[in-house]
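Enquirer: Since chain Z is already given, all that's left is putting chain V on it; use the hints.
Sequences listed follow chains Z and V, in order.
The working numbering puts the first residue of the first sequence at 1, with every later residue one more than the last.
The working numbering puts the first residue of the second sequence at 333, with every later residue one more than the last.
Quick caveat, the hints were computed from the structure, so don't treat them as lab data.
Predicted model only: the values in this text are computed from it and were never measured.
Ideal Cβ positions, reconstructed from N, Cα and C, are used throughout, including at glycine.
Warning: the hint list may mix true and false statements.
Claimed, not checked - Distance windows between CB atoms, simulated: (1) Z:ARG196 <-> V:ALA601: 55 to 65 angstroms; (2) V:ASP420 <-> Z:GLY275: 51 to 61 angstroms; (3) V:ARG423 <-> Z:ALA229: 32 to 42 angstroms; (4) Z:VAL242 <-> V:ALA575: 52 to 62 angstroms; (5) Z:ALA316 <-> V:GLN636: 43 to 53 angstroms; (6) Z:ALA225 <-> V:GLU653: 45 to 55 angstroms.
Claimed, not checked - The list that follows gives simulated cross-link-like pairs (lysine-lysine, BS3-like), each with its CA atoms no further than 30 angstroms apart: (7) V:LYS548 <-> Z:LYS238; (8) Z:LYS258 <-> V:LYS548; (9) V:LYS586 <-> V:LYS640.
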Amino acid sequence: MTVLPLSGCRVLDLGIITAGASTSALLADLGADVIKIESPGYIDPFRAWDKGLGAADWWDQSRFFQFTNRNKRGMAIDLKDAAGRDLFLRLVETADVLVENFRRGVLERLGLGWPVLSARNGGLILCSVTSQGETGPDAGAASYGSTLEATSGLSDMTRDHRGTPQITGVLLNYPDQIVSIFAAGMVTLAMMEKRRTGKGARLDVSQRELATFLLGEHVLAATAAAAPAPADAISPEKPVLVKNETGGWSLLHGRDGKPNSVAGGDDILAMVRQGLASIAFAQSPDGADVKGTPFSLPSRGGGIGRPAPRLGQHNAEILREVLGLDAETIAV
Amino acid sequence: MSSTLPLSGRLVLEISRSGASEVTARAIALAGRIACDLGADVVKLEPPEGCQLRRAAPFVAGSGGQPVSAAHVFLDGGKRSVRLSGGDDARAVLAAMVARAAAVLTDDEAVLDGATPRAGVQRPVVVVVAHGLSTDCGIEDAHITDTSVLAASGILDLVGDPNDAPIPLGGHQASYVAGLAAFSGIVTGLALVERGELCAPVRVSAVEACLWSNWKSFAERLYMGQSPTRQGRNAEWQALPCADGFAAFVYLDKDWPAIVRLIGDERLAASPLDTRAGRRAHMADVLAIVEPWYRDRTRADIYQRAKKAGLPIAPVLEMAEVVADPQFVSLAFFAEPAALLSGGPGRVPTVPVRWNERRFPARTVPPQVTP
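Only chain Z is shown next, with the shape it has when bound in the complex:
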């Protein structure tokens, strides 16, 4: 049997959209049994992203949802209902990791704050992918990825020729995309620590902090005394962009100006079809194109073993297998 870095690890996934759901997806790729838990009254908003391209059961047909949530099993539990909450806490007792990226205070309002969770399972690793930290004056402020580009310094560093700061917007929502690469690494590290000590952990991974962290030298340059460049300094290569014959843009490199074109959607599709993006993208067993991983995995085996779950698809299977409930109890 193939052993993967997180084989035998159970992850409960309350992650939604990208930041949380993608963190859990990476943990699944590393071998964890990831159970995505949605409420009948609150589904992952990505299920409604394209409205299933018009399908009657659109919530089970969203390709955008499937891109990130492949390799997971799925349950539908109403966490606002006392019985649902109790069922969830019984699952928590069996889990190694819980991933969430709700607004701060949502878990507490559901009666599922850290004191409750850790009392039920002292070995639990709670990974909260927060906007800007668990505490602090702005911890509860609403934000999407581009909000945090504005407050992290990234927009200040990304300006057009008129000096207008830029945000990546709906098309990218940059911090949302990259935080899961780091968060998945930190959860894996916490799992290694747990294997040594038996102890769980509470991880608070702030998207805004990550965006500022990736500007570290500019933080220093803005706060320390400036100094002139020494004689052996490397001259940064300023990007030179020119219009090309297809109407797109090319980036010129070096003194002889070797061009490389700026890729668009057609180019990305061509790269995938030519096998030039075989780490970044993969196919799920149903043949759908889905996300791969941001780095190649160090083990043979693994890969995408199952397509994304339909809403509540594995309720009975997990209740039977994980909690040992019989068919009669499940029916109730």
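Expert: Same frame as chain Z, but now just chain V:
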């Protein structure tokens, strides 16, 4: 977390070759930066002329007033350094260090030829970092930059005005996205080795890591039949000028009623601006109403009103303001590399995670070179 740090007792080597692209050099250094703050003993094996990051702009005043690279201070603080001069001695030093290492980060897999530990000795986790541009493009590694990777992955196409050249994300985002991938690659390999399994080299391509991050462009092209591209003034979200700078105008469809109340103009609630499709088709009409409201107000005023309304609108902060921001200050996010700098305190960000409410202190003294 126990009293020791999670990567305590592990040796991590960074090997970046002469003539490597800045992308791989920075990616390796960022992965090492994070590993170092999490407790690893990180050693940079530098070429004879020293790692290129020592000569990278911008520069700040060092302890004696001499210029020092801000990137070098940020990325290499707390690491040790060994300069490899080439020849048999260097190969022997390399082999000895690789034999002791838990992980090796490199942009030159060939450097490990002949440095592989003998049979029976645990091999280190090897993370090979590449910029990922095709060799067919004919561009020398030394000329491949962050912008090259942003262009190849399509991220560059997403920012700016459609009638102007696209705008690269600030800083060195492509390098550092690859650096995050390299860090998690190390941890993933270590987790596998701890289970007694063999670990294949982990491969990080900056282009693929950025493509992975830009997956929505692929999905939109695949399923919606359109290639997303930058939308400039027609973008739903953008930074708008206000009385003392700029503030981001960001919202989802569900937020629109609260936006209408915030701006206080009923035209925003009337057709065609009452639906997302209508707003996307008439963005100039939206801006004609919203921009005057922004221009009359300061960033602080806009932010306080938006916070009260539960809206994801926030000021565009300049870097000096970011460092002084109350949220960051309250969470002690920045560290002070005071031993290094003269004439100003200087700040660097710490690793962006709290573990049981504890921060990992930044190690900030950059390495002296050991020949």
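Enquirer: Next step is simple, just say for each hint if it's right about the structure.
Expert: Okay, the hints, checked on the actual structure:
The hint said 55 to 65 angstroms for the Cβ distance between Z:ARG196 and V:ALA601, and at roughly 58 angstroms that hint holds. Between V:ASP420 and Z:GLY275, the C-beta spacing of about 41 angstroms breaks the proposed range 51 to 61 angstroms. Checked against the given bound of 32 to 42 angstroms, the beta carbons of V:ARG423 and Z:ALA229, roughly 35 angstroms apart, stay inside it. The supplied range of 52 to 62 angstroms is broken by Z:VAL242 and V:ALA575, whose beta-carbon atoms lie about 38 angstroms from each other.
Separation of Z:ALA316 from V:GLN636 is about 49 angstroms and conforms to the stated range, judged on CB atoms against 43 to 53 angstroms. The hinted range of 45 to 55 angstroms is not satisfied by Z:ALA225 and V:GLU653, whose Cβ atoms lie roughly 19 angstroms apart. A threshold of 30 angstroms between alpha carbons decides the hint, and for V:LYS548 with Z:LYS238 the separation of about 28 angstroms falls inside it, so the pair holds. The straight-line distance between the Cα atoms of Z:LYS258 and V:LYS548 is roughly 29 angstroms, inside the 30 angstroms bound, and the hint therefore holds.
Of the pairs offered as hints, the one joining V:LYS586 and V:LYS640 holds, with about 16 angstroms between alpha carbons and a cut-off of 30 angstroms not exceeded.
Violated hints, in rising order: 2, 4, 6; the structure is consistent with all others.
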